[in-house]
Amino acid sequence: MQMFYFSLAFFLLLNLCVGMWRVLRGPTVADRMLAAQLFGTTVVAILLLLAQTSDNPALRDVALVFALLAAVTAVAFVRRIWPEKRGFERDPE
Amino acid sequence: MIPSDYVAVVLLILGGIFFFSGTVGLLRFPDVYTRLHALTKADNVGLGLIVLGLVVQAESWFVVGKLLLIWLLVLFAGASASHLIAKRALHRGIRMWK
Amino acid sequence: MEVITWLEWAFDAVLSVGLLWLAWRALASPDLFKAIVLFVSFGLLMALAWVRLDAPDIALAEAAIGAGLTGALLLAALARLRAIAFKDTSVPPPQFSKPQFLHWLLIFFLLWLGAGLGYAIWVLPPYSTGLSVAVAAHLDASGVSNPVTAVLLNFRAYDTMLEMIVLLMALLGIWSLGGFPPHTDMPTGSVLDTFSRLLVPVFILVAAYLLWIGADAPGGAFQAGSVLGAAGVLLLLSGWRPRVSLTQWPLKLALAAGSSAFVIMGLLTILYEGQLLAYPAAQAGMLILFLESLATISIGATLAALFLGRSSDHEENQ
Chain A
1 MQMFYFSLAF FLLLNLCVGM WRVLRGPTVA DRMLAAQLFG TTVVAILLLL
51 AQTSDNPALR DVALVFALLA AVTAVAFVRR IWPEKRGFER DPE
Chain B
1 MIPSDYVAVV LLILGGIFFF SGTVGLLRFP DVYTRLHALT KADNVGLGLI
51 VLGLVVQAES WFVVGKLLLI WLLVLFAGAS ASHLIAKRAL HRGIRMWK
Chain C
1 MEVITWLEWA FDAVLSVGLL WLAWRALASP DLFKAIVLFV SFGLLMALAW
51 VRLDAPDIAL AEAAIGAGLT GALLLAALAR LRAIAFKDTS VPPPQFSKPQ
101 FLHWLLIFFL LWLGAGLGYA IWVLPPYSTG LSVAVAAHLD ASGVSNPVTA
151 VLLNFRAYDT MLEMIVLLMA LLGIWSLGGF PPHTDMPTGS VLDTFSRLLV
201 PVFILVAAYL LWIGADAPGG AFQAGSVLGA AGVLLLLSGW RPRVSLTQWP
251 LKLALAAGSS AFVIMGLLTI LYEGQLLAYP AAQAGMLILF LESLATISIG
301 ATLAALFLGR SSDHEENQ
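Protein chains in written order, with the working numbering: chain A, 1 to 93; chain B, 1 to 98; chain C, 1 to 318.
For reference, chain A alone in the conformation it holds in the complex:
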């Protein structure tokens, strides 16, 4: 059972690394932000699986903090980088 949890965590980590391509590629800023959002959730899932394998309940607290703070960066993005006025849009690709 431990091995199954760990392999699933590894699989999710690989998923995350592959998803990195979207951050690099863009094309819009929103795409990069979305990818980061998905990474956050993936890391929460990995942490929960690792908490089960390593019998370290503290990892669930780490996952809890990540889950709680997941949206703060996205809110900062929507409110600061991407405000209503079409001023300084810059999407190089």
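Don't read these hints as lab results, they were simulated from the structure.
It is possible that part of the hints are untrue.
[Said to hold, decoys possible] If you anchor each label on the Cβ, the simulated ranges turn out as follows: (1) S60/B / P201/C: 20 to 30 Å; (2) W240/C / K87/B: 48 to 58 Å; (3) E2/C / L24/A: 32 to 42 Å; (4) R80/C / S60/B: 41 to 51 Å; (5) G173/C / M1/B: 57 to 67 Å; (6) M1/B / P280/C: 25 to 35 Å; (7) S16/C / R25/A: 16 to 26 Å; (8) A282/C / I13/B: 49 to 59 Å; (9) G93/B / L7/C: 41 to 51 Å.
Idealized CB from N, CA, C, for every residue including glycine.
Go by the hints and put chains B and C onto chain A.
For chains B and C alone, coordinates are given in the frame of chain A:
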């Protein structure tokens, strides 16, 4: 393996599949809106299934509560953030794929 | 057993390669927004790396600060930078001409530093208990059962005291630079309103939980303070502004509470126990909780005030 283990394995594998399809969608879908759609499935259902799989195995009600709380928080954050991004993308005039 | 060690190796290898690659891409990216997103992802993987290194305390701090604050602060700084660049397009960005030999000097120093670090790691004993035996021996007298909290708030409490002061100094530095200008916000819309209204109480609850659990599990003032600060950042981002009367002495009191509590406690312990921050063993647990609570409030207020930027009396003077 006891019966609850089998249930857990099935739920966890399903969760993994959702995460995988979320990533594939993120990479393959043509525009922001469709990618948002793919992403939220991984967020909500993928993590939900993994949480359920772990709940079946959890050693105490306290752990069950914490796992469900984590899922609720991610649901809430994911839904709100996706809504905000999609709405702003529409306002900015990012074109839909079709 | 054989397969699981192999899996762990593979996991760690992917994690380390991913971290190095992300760090490189974040530094090398000319697009600042991309660099920020890469840096946020780097923080996520870094938290996993701390978990794999069996340091959940640091993973928790990385989660609280990396996910809640650095991302938001960097994005706000980028928005400010673009606003400036957009405003004065007539002024060309300053060009610094760097002499060629500076590059070689830099490369030389980096190689030297790298060789020194490499040597230091090479000569480390493969397994060493470090100070963990000494910490474990005195854990009973520290008033808490989490060794990390015992070190941070009892054995080496003066470190934490100085860190609190550093944090305050950082805020003063930013305020003296003028901070962020008052940001003209567009209306929030009902989703963001509901979101922040429902979530902020949960932030406060989790901060209290982390503070309380810090006595015997990973957690403590810095993590709790960061979560509290993130709550403030979320409120400020959703358009909430504190009343002017609140930003006068109540804010200043909150900012100074942690450092002053440490200083007063330090003076009292020098008077009564003869040593800086050496608590009487019987009351140690209570004193630590007291100091940590004030420190949490101060850290939270400081981090949120970073985002508030310019202090209100600064604005009045202009």
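Against the structure, the hints come out as follows:
1. S60/B / P201/C: 20 to 30 Å: Distance hint for S60/B, P201/C holds at roughly 25 Å.
2. W240/C / K87/B: 48 to 58 Å: Since W240/C and K87/B have Cβ atoms about 20 Å apart, the given range 48 to 58 Å is violated.
3. E2/C / L24/A: 32 to 42 Å: 36 Å, holds
4. R80/C / S60/B: 41 to 51 Å: 47 Å, holds
5. G173/C / M1/B: 57 to 67 Å: 59 Å, holds
6. M1/B / P280/C: 25 to 35 Å: 54 Å, violated
7. S16/C / R25/A: 16 to 26 Å: Between S16/C and R25/A, where Cβ atoms are some 24 Å apart, the hint holds.
8. A282/C / I13/B: 49 to 59 Å: Check passed, 54 Å falls within 49 to 59 Å.
9. G93/B / L7/C: 41 to 51 Å: Holds, since G93/B and L7/C (Cβ atoms, about 47 Å apart) stay within the stated range.
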